[in-house]
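Protein chains in written order, with the numbering used here: chain A, 1 to 265; chain B, 1 to 103; chain C, 1 to 152; chain D, 1 to 216.
For the record, the hints were derived by calculation from the structure and aren't laboratory data. Hints should not be assumed to be uniformly reliable.
[What the hints assert, rightly or not] Ranges between beta-carbon positions, derived for each pair:
hint: 1; chain 1: A; residue 1: R142; chain 2: D; residue 2: A73; range: 24 to 30 Å
hint: 2; chain 1: A; residue 1: D88; chain 2: C; residue 2: T123; range: 53 to 59 Å
hint: 3; chain 1: B; residue 1: L38; chain 2: D; residue 2: E36; range: 20 to 26 Å
hint: 4; chain 1: A; residue 1: K116; chain 2: D; residue 2: A82; range: 36 to 42 Å
We put the CB at the ideal spot given by N, CA and C, even for glycine.
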Amino acid sequence: MKKHLVLLAFAATTAVSGAKADSIAAGIAEYRAMLQDGNPAELFEMSGEELWTTPRGPKNATLEKCDLGKGPGVVAGAFVELPRYFADTGRVQDLESRLLTCMETLQGFDSDKIAKTSYNKGEQANLRDLATYVAGQSRELRFNVPQGHEKERDMYEVGKRLFYLRSGTHDFSCNTCHGEKGKRIRLQDLPVLSSNPGDGIGFAAWPAYRVGNGQMWTMQKRLNDCYRQQRFPEPDFAGDATIALGVYMGVNAKGAMSIAPAIKR
Amino acid sequence: MGKPMRIRAKASNGKTNVRALMAHPMEGGQRKDGSGNLIPAHFITDVEATHNGKTVLKAQWSTAVSQNPYLSFTFDGGAAGDKILLSWKDNKGDSRTDEVAIK
Amino acid sequence: MKTTRREILKTTGALGTLVSLGIITASQAQAAAESRPGFASKDLAGALQAIGGKGSESDKVKVSAPDIAENGAVVPVGAASELPGTTDMWVLVEKNPTPLAAGFTIPAGTSADVDLRVKMGQTSDVYAVVKANGQLYYAKKETKVTLGGCGG
Amino acid sequence: MKKIKLSVALLSLAGGLVACTPMQKSSAEYDKLTAEALKSFHSKGIAKVERLQQDDSNRLCSQADVAGQPLDAATAKSIEEANFKAIQWPSDGKFLGDWKVGNKIAASGKGMTWKSKTTSNNGGNCYNCHQITKEEVSYGTLGPSLYNFGKLRGVTDPNSPAAKAMVEYTWGKIWNARAYNACSSMPRAGHNGVLTEDQVRHLVALLLDPKSPVNQ
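With the sequences and hints as input, model every part of the structure.
Structure, rendered in structure tokens:
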């Protein structure tokens with residue numbers, strides 16, 4: 001496992017060219033490899049596991065009957081098949097969206113209120129830990145986001161259109177930064193997301209612990225901050241735009257191995 | 001009171017390796033908050049590990065230890081099922097002790 | 001059984017098992033901080049003086065740190081000693097505002113080999129200083145800290 | 001090769017029909033669903049939902065990106081012409097400012113997000129995508145290297161008549177990159193009100209002043 005991650009880290013940095021850049025890249029790869037042991041994401045996973053089995057909310061219930069797509073209570077392998085269509089809500093839902101549904105139906109929480117709460121605060125912090133736990137239960141599994149339902153295919157097409165949507169004060173789209181191989185912002189490697197970026201890169205690396213600010217970020221938070229830097233207005237938490245992008249990236253990443261929860265700079 | 005630690009203790013070849021993650025902000029006291037006020041230092045000052053009641057490591061830390069600290073060390077002996085206790089206390093008087101069985 | 005993975009026993013605030021780690025007040029903590037030699041020193045020389053010096057450089061002392069740290073907030077650092085009778089170890093980051101990052105007491109039977117993560121404000125030498133049979137020895141290594149990101 | 005791929009695609013589509021999967025929606029129907037999904041954004045701070053409304057240039061380039069086809073020459077030309085017409089040239093005729101200030105603007109990536117307090121004092125984001133000086137090794141590679149930009153183009157005296165065309169091009173490119181390349185990824189810094197006339201002046205100096213580190 002550890003060895004595999006080291007290789008991934010090297011692969012991610014080999015794009016930098018030139019002799020000086022090579023030694024920088026090798027150094028950074030060494031640094032990333034050293035970080036793999038003892039990823040603080042495990043603290044959030046632990047918290048999430050406890051939240052999953054603890055009776056909470058107005059209904060004082062656990063989430064152990066939550067259906068993440070593979071039947072009530074099945075957590076292992078659920079993450080790599082999300083987002084997917086759920087008949088009970090009639091919606092395509094990603095991990096965070098589905099957890100919100102379970103928190104509402106099983107535990108009696110107000111999901112709209114949680115969605116509007118600031119990230120890292122209150123029940124949002126609990127949702128973050130739950131998402132980290134669920135993702136960790138698909139570690140090293142390969143993405144297989146379903147496209148069998150019409151609404152799942154619709155969301156892929158919508159996600160694709162959103163990915164290429166140039167707008168805002170800087171005319172940026174997702175594609176501006178994530179459309180071409182081997183590109184960087186400053187020294188930061190950019191994964192290509194319009195095709196399969198490979199094992200443990202892009203969609204297959206989130207949720208991730210970010211060492212820079214000591215925060216655990218889910219994919220919803222990752223997309224939220226992308227849109228902030230894109231100078232767009234804010235996407236609703238677990239709204240259709242972010243879920244559609246999740247479908248687009250997840251389907252593109254078919255077969256890629258999940259390393260979530262990962263650790264990032 | 002702090003959040004639970006993540007502790008793993010594994011015995012092999014007559015030694016036990018302990019790896020721990022502690023949930024703590026390790027605030028350095030140099031940063032400012034949104035309104036420009038200095039965020040006061042908040043950090044773990046002392047760590048102690050015991051194996052079956054015997055101290056196997058003591059540490060003193062500064063604010064320079066990273067947020068959500070990681071610690072790894074190894075001691076002689078230890079058998080599967082033995083108890084490892086890890087404790088920390090911080091500069092605000094908060095403390096936490098967690099226990100794990102050696103695997 | 002939800003604790004199978006970790007078997008955690010919450011004893012926060014309980015004094016019983018560890019006499020040395022009771023609940024202390026903030027003022028007591030402050031007093032404790034003052035009794036921590038070297039931690040308040042603002043330069044390497046002062047920090048080293050407070051712990052008794054740095055002794056001589058020894059290849060029996062190892063400091064592991066990356067050549068380059070992509071983010072100074074988290075730099076993996078290890079200190080190890082092959083010297084018999086190692087009782088104390090310190091990790092210092094020369095260019096940090098207060099260089100002494102951590103000190104370890106190594107009881108007999110514990111390997112003089114610890115790993116942790118420290119913050120580094122800038123490119124700097126990282127020191128491991130150890131005390132073995134009452135004598136001090138050290139090793140050092142430079143880690144470059146890069147900054148990146150796009151501000152936003 | 002292309003033809004073979006296409007026929008395989010047709011075959012698999014036919015296979016899908018046999019298996020009674022519903023008809024694929026038209027691109028226009030997906031566009032409509034996309035417009036619906038865009039309602040799941042909300043204004044925050046200075047970043048209002050109006051920012052999602054695309055102008056013709058962005059709309060046409062996004063459509064081409066989705067289709068995976070470059071724009072046809074005529075459409076590209078009309079986008080470039082419209083953007084060129086919209087370039088505001090320096091009101092006082094002065095194109096060059098202070099390269100030192102320009103370098104600071106180039107290094108800053110700040111401004112215009114929902115966390116930004118004002119719409120002024122924005123950074124140029126230049127180093128995020130371009131190599132600019134030799135000294136700064138932390139640069140992005142989404143855009144071409146701008147190191148020696150003026151030197152390579154033979155600009156020895158930016159105030160000379162010989163340099164006039166290059167000076168104007170540099171201004172125009174920073175102000176509105178789409179005037180020269182219909183679907184360029186470069187932000188239209190002046191056109192979209194991210195950078196002021198003064199700031200653009202300093203950036204032109206950064207690229208063209210022979211004393212600038214760019215041209216050393």
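(message) Within 24 to 30 Å: is that where the Cβ-Cβ distance between R142 (chain A) and A73 (chain D) falls?
(response) Because 43 Å falls outside the window, the suggested range is violated.
(request) Go ahead and decide if the range 53 to 59 Å is satisfied by the Cβ distance of D88 (chain A) to T123 (chain C). (result) Hint holds: Cβ distance 55 Å, inside 53 to 59 Å.
(request) Just tell me: holds or violated, for the beta carbon distance of K116 (chain A) and A82 (chain D) against 36 to 42 Å? (result) holds (40 Å)
(message) Looking only at beta-carbon atoms, does the pair L38 (chain B), E36 (chain D) fall within the given range of 20 to 26 Å?
(response) Violated - the Cβ-Cβ distance for L38 (chain B) and E36 (chain D), about 47 Å, lies outside 20 to 26 Å.
When each numbered hint is compared with the structure, violations occur for hints 1 and 3.
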